[in-house]
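Visitor: Work out the full structure: start from the sequences and follow the hints.
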Amino acid sequence: MLRYLLYACYLLLGLSGGIWLLPGIYQVMPFDPPAWLNNNIINAVLGIVLIYILFFWTIQYVERWIKSSERLLLNRSLLEISLATLGMIIGLLIAVLISLIINTIALPIIGDIIPFMLAVVLGYLGFQIGISKLGEIVDLLPVRNKGREVSGAGEASPKFLDTSAIIDGRIVDIMKTGFIEGQLVIPQFVLDELQLIADSTDPIKRDKGQRGLDMLSQLQEVSDKTEIWEIEYDKLDVDHQLIDLAKKENGDIITTDFNLNRVCQLHQIKVLNVNELSDAIKLVVLQGDRITILVSKVGKEEGQGVGYLEDGTMVVVDNGRKYINQTIKVEVTSVLQTNSGRIIFSKKVS
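Residue 1 is where the sequence shown starts when you use the UniProt record's numbering, and the numbers rise one by one after that.
Because the hints were derived from the structure by calculation, they are not lab data. From the three backbone atoms N, C-alpha and C, an ideal C-beta is built for every residue, glycine too. Each hint should be verified, as a subset may be incorrect.
With a Cα cut of at most 30 Å, we get these calculated BS3-like pairs of lysine-lysine [said to hold, decoys possible]: (1) K329 / K348; (2) K322 / K300; (3) K300 / K270; (4) K225 / K248; (5) K300 / K347; (6) K282 / K248; (7) K205 / K176; (8) K248 / K300; (9) K297 / K205; (10) K329 / K297; (11) K348 / K297; (12) K347 / K282; (13) K208 / K348; (14) K67 / K348; (15) K297 / K176; (16) K270 / K176; (17) K348 / K282.
If you anchor each label on the Cβ, the simulated ranges turn out as follows [said to hold, decoys possible]: (18) P30 / H240: 48 to 58 Å; (19) N103 / P30: 33 to 43 Å; (20) E310 / S82: 43 to 53 Å; (21) F55 / Q27: 17 to 27 Å; (22) L266 / I89: 32 to 42 Å.
Guide: In structure tokens, the structure reads:
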């Protein structure tokens, strides 16, 4: 829809430019133009053709800039937008006052350029000051506590999902709990990589890709804030595209990729690592605690049986081999923390 609207704007720009500007250009030409050019319809058509020849390539960049601006505004609270607009208006008013003073001085050419430059610069500065100094401005208001609540509601930064987090799938359950605030964004280049994995000839990769696509469908069902952004960065791999996007949009990255996590930390980008979250909420088991476990297989040592907690933690049961495929109550004797996780050692409670 936006692309067609831009086409219409370019059409009107070319039409009006052809009717109003081309006759003036004809007058300054060193030779007399053909008589058939003194026609508004022909000039309008020529204007449209010239606009599309010279500026048609800019449409995609204008569209990208408008969408980026739209996302920026949607991630801001109403109070932030109002103060930014007020700051821009004040900046423009200051530019007008300065321009009135400049107009009293006879400055050829420069006198026409300076007011325009002042309007652009001061309007931009006013807009930025209105957003960046929001907290200080709210402190001056008599209802500052209420204002802080309003501004806080708009501070949730967008969360960008990488391929590993989508395939992992635990993000779906996390979103169901409501712990993650703000937009959940899947960039188009991540979706493209996921599609490439799903189309792989390797059956293992293909299964992972298809699982990721299924997880995306579930995400869109459990959260109405899940969006796909059609954005691409040329000549960059997916991880670098994701990092650049997070920097540009001041967002966070959700991943299970350890290396991407480290790179993001170097770039000072906030990372929500699903693995770290999983480790943080694991059941705390201490020596002497009693738990119920299903002994599912034999252990490495003689007589040992092995079972697992719901979070995947291995439980080794001393003399538990004879209880395989049985659910028994055990008492924790010790807990060993390793690089790959925890191992709980236990014995059967009689």
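Visitor: So, for every hint listed, does it hold in this structure?
Guide: Against the structure, the hints come out as follows:
no.: 1; hint: K329 / K348; in the structure: holds (6 Å)
no.: 2; hint: K322 / K300; in the structure: holds (14 Å)
no.: 3; hint: K300 / K270; in the structure: violated (41 Å)
no.: 4; hint: K225 / K248; in the structure: holds (20 Å)
no.: 5; hint: K300 / K347; in the structure: holds (16 Å)
no.: 6; hint: K282 / K248; in the structure: violated (34 Å)
no.: 7; hint: K205 / K176; in the structure: holds (27 Å)
no.: 8; hint: K248 / K300; in the structure: violated (51 Å)
no.: 9; hint: K297 / K205; in the structure: holds (29 Å)
no.: 10; hint: K329 / K297; in the structure: holds (16 Å)
no.: 11; hint: K348 / K297; in the structure: holds (15 Å)
no.: 12; hint: K347 / K282; in the structure: holds (21 Å)
no.: 13; hint: K208 / K348; in the structure: violated (39 Å)
no.: 14; hint: K67 / K348; in the structure: violated (62 Å)
no.: 15; hint: K297 / K176; in the structure: violated (33 Å)
no.: 16; hint: K270 / K176; in the structure: holds (22 Å)
no.: 17; hint: K348 / K282; in the structure: holds (22 Å)
no.: 18; hint: P30 / H240: 48 to 58 Å; in the structure: holds (53 Å)
no.: 19; hint: N103 / P30: 33 to 43 Å; in the structure: holds (35 Å)
no.: 20; hint: E310 / S82: 43 to 53 Å; in the structure: holds (49 Å)
no.: 21; hint: F55 / Q27: 17 to 27 Å; in the structure: holds (24 Å)
no.: 22; hint: L266 / I89: 32 to 42 Å; in the structure: holds (40 Å)
Checked against the numbered hints given earlier, this structure breaks hints 3, 6, 8, 13, 14 and 15; the rest are met.
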